[in-house]
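Throughout the sequence shown, residue numbering follows the working numbering, covering 164 to 290 in sequence.
By construction, these hints were calculated from the structure, which means they are not laboratory data.
In this text the structure is predicted, and so the values were computed from the model without any measurement.
Please note: incorrect hints may appear among the correct ones.
[Claimed, not checked] Quick list of the computed label-pair ranges, beta carbon to beta carbon:
(1) 285 / 198: 32 to 42 Å
(2) 222 / 180: 26 to 36 Å
(3) 258 / 196: 16 to 26 Å
(4) 186 / 223: 39 to 49 Å
(5) 201 / 255: 14 to 24 Å
(6) 267 / 233: 14 to 24 Å
(7) 268 / 201: 15 to 25 Å
(8) 185 / 222: 38 to 48 Å
(9) 286 / 171: 14 to 24 Å
(10) 271 / 239: 33 to 43 Å
(11) 233 / 201: 29 to 39 Å
Using N, Cα and C, we set each Cβ at its ideal position, and we do this for glycine too.
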Amino acid sequence: MTIILGYIYLFLAILQLLLLTFNYSFSNWIALPKNKNTYLQSEFFFVFINGFVLLNSSPLNWIVGLVMLGHAYGAYTLLFNSKEFYSSLEEIKAMTSQDNILDLISIPTLAIIGFIVIYSSSLTGGI
Numbered sequence: 164m165t166i167i168l169g170y171i172y173l174f175l176a177i178l179q180l181l182l183l184t185f186n187y188s189f190s191n192w193i194a195l196p197k198n199k200n201t202y203l204q205s206e207f208f209f210v211f212i213n214g215f216v217l218l219n220s221s222p223l224n225w226i227v228g229l230v231m232l233g234h235a236y237g238a239y240t241l242l243f244n245s246k247e248f249y250s251s252l253e254e255i256k257a258m259t260s261q262d263n264i265l266d267l268i269s270i271p272t273l274a275i276i277g278f279i280v281i282y283s284s285s286l287t288g289g290i
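My request is simple: use the sequences and hints to build the entire structure.
Structure representation (structure tokens):
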């Protein structure tokens, strides 16, 4: 299950990179305030999937647990501090001249998380 989760993250990184080559910024689209529910649904989906993998992994895969906590924190921030969430996104966009800075951050992040999750069972002492 852990390997499948890692490949989901890698697939999302490749999909975002492919969309970016066609000048479509998925991260900018999902970060719009009108798409708040879609963003929350994706965060809760990953909290659920990571939690499922975490509960079914033996020994306990703390790397997947950290990724799950990251998604839970993202959902919490958007639910309870959405004003600060969107203002921090605007600050990030204002600091750079890149329009697609969120994609340039999220693509390598998703790829790195994917590789780490795939190899996490060997890092945590599992089979």
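So which of the earlier hints does this model not fit?
-> 10 and 11
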